[in-house]
Amino acid sequence: MTERLDRRGFGLRLTTGLASLLLSGCGDEVSERPWVRHLLDKAEDLNYWLQRRVLPHNALAPEYDEADLSPQFRANGSTDPDDEDYRRLADNDFADWRLTVGGLVERAERFSLVDLRALPSRTQITRHDCVEGWSCIGKWTGTPLAALLQRVGVRPQARFVMFHCADTMEDGTDRYYESIGLDDAFHPQTILAYDMNGAALPVAHGAPLRLRVERQLGYKMAKYVMAIELIESFSHIGRGRGGFWEDRGYEWYAGI
Amino acid sequence: MGGFQSDVEVVRQRSAPKVQVAQRLSWIFRHSAIVRVTHWINFLCLAVLLMSGLQIFNAHSALYWGQESDFQHPLLAMHASPGQHGSLRGITTILDHDFDTTGVLGLSYVPGVGVRERGFPAWVTLPGMQWLAMGRRWHFFFAWIFVVNGLVYLTSGLASGHFHRDLLPTGEQLRHIGGAIWDHLRLRFPKGEEARRYNVLQKLAYLGVVLLILPCIALAGMTMSPNLDSIAPQLVILFGGRQSARTIHFLCAAVLLIFLLVHVVMVLLSGVWNNMRSMTTGWYRIEHTEDINDGTA
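If you're matching them up, the sequences are chains A and B in order.
Going by my numbering, the first residue of the first sequence is number 1, and it counts up by one from there.
Going by my numbering, the first residue of the second sequence is number 1001, and it counts up by one from there.
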């Protein structure tokens, strides 16, 4: 009987020992080891392969009705850039703002808001999913990126569309930037939005122009877009992972 | 393969001056290799998924119902706010009712950092510190292993007849479910012939987890992907919206945690070595006790 009790006690100690090892907060150290991050990154490759190579990639994100609009659409990330040049543009209602489209294109061009509004437009009511976990539904009107790209002509070497933004991030050195693949760039719901919920895009949500790339998470939808650049590789930009948050460990393909 | 077949029987005589007890031992091969391997892989996956899931939850420590987040009326929210004496308190709000959960939920001590506003405390999240990007990496990596492992288990369970033979309660078991509950409440576990198979409560708990909770948590998790929502919009409709899916994902995790706690307690109470041996080597020992003189076995 005592033998059994000892065994039971040992089993208990073993179980609680293993549990406390798991719970002891060693997760931070393990997470900082490069090989662990490298191994875990394999799942990102797998997710990208599944979502972009196996599953259909021209599906439309669900669209909603006016009645579904969020009464309070949360503004996240930069909400009021205090960059001097941006403030000057904002004070003048962005009349002097120009969107530069360049890089690997046939005809680089600059667009004012009036120019963009003269191009074909698309309005969509979609759900905005933040990587933090919350969702809001908003109505967006803007120029389909495909229309803009067709106008400037994409050169065959181009593989990505890079968005350069006006907002300097908290560390004071880097301005926000983001990139998407050409498949997403030519998707019908990928638009450069200048209106939100039927009014001019507010500063908190990225005035005068923000990217909507439905089917990906919120951090891909660059606000305060100043320039669009067609590129072959983003390895020389920022820390080389394709975007501000990507450089800080988030996935480049943010479909999950 | 697998199943509950009797293979070896051992009869041992114990003699004492006044009491004679004949203890017959029989060994059954209880768990097939696939069940044992998938069981432990599943345990590892669920541990990492639970802790990294709480890390992800902490990035926005509130739950809602429907497509979108009604920030004014969360179903559940954890945050810190100043208390009566100006010091911060951790507050957990459930359906508009506030509870002071300082130290655990809403406000807790992070080793090396200090007291911080956060949903779940550092000792249950992976990584411990607030690090959403890394939490997502852990979560998605182990989600893949969890899903592949689960599919192997489900396929083999169906093909080998394991579910039908060992997990589906018999009509007779279902009729006597009241007695089984009463036995469990008194912590009396089946002995002898009855220990050859799972009892009815075990069967229902395992079937519920395997066929309901685990598939549900995986599907609700996928529903949170905006890209998968465009490919399979039916998923979002099925769960009543993305935020509902997030809430259901969280609730399923809570049910799994309760199951795990009860499961571990039952394992400890009903013979930890016999259970651990059978889930490692496959062999489970059954004692048939026959009293020869009196009942003081």
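Hints may be right or wrong, so weigh each one.
What the hints assert, rightly or not - Reference excerpt, derived from the structure (chain A facing chain B, CB under 7 Å, subset only):
#1 Ser31
#2 Pro62
#3 Ala90
#4 Asn92
#5 Ala95
#6 Cys136
#7 Gly138
#8 Ile256
I should point out that these hints are in silico values taken from the structure, not numbers from a laboratory.
Cβ coordinates follow ideal geometry from the N, Cα and C atoms, glycine included.
Going down the list of hints, with the structure as the test:
Satisfaction of the interface hint for Ser31(A) is found here, the shortest Cβ-Cβ separation to chain B being roughly 4 Å, below the 7 Å cut-off. Checking Pro62(A) against chain B by beta carbon gives a least distance of about 5 Å; that is within 7 Å, so the hint holds. About 26 Å separates the beta-carbon of Ala90(A) from the nearest beta-carbon of chain B, more than 7 Å, and the hint is not met. With a cut of 7 Å, the hint placing Asn92(A) at the interface with chain B is violated, because the nearest CB-to-CB distance is about 33 Å.
For Ala95(A), the suggested interface contact is broken, since its CB lies about 34 Å from the closest CB of chain B, more than 7 Å. Hint status for Cys136(A): holds, given a least beta-carbon distance of 5 Å to chain B, under 7 Å. Interface restraint check for Gly138(A): the shortest CB-CB distance to chain B comes to about 10 Å, outside 7 Å, so the restraint is violated. Interface restraint check: Ile256(A) against chain B, minimum CB-CB distance 4 Å, threshold 7 Å, status holds.
Hint violations for this structure: numbers 3, 4, 5 and 7, all remaining hints satisfied.
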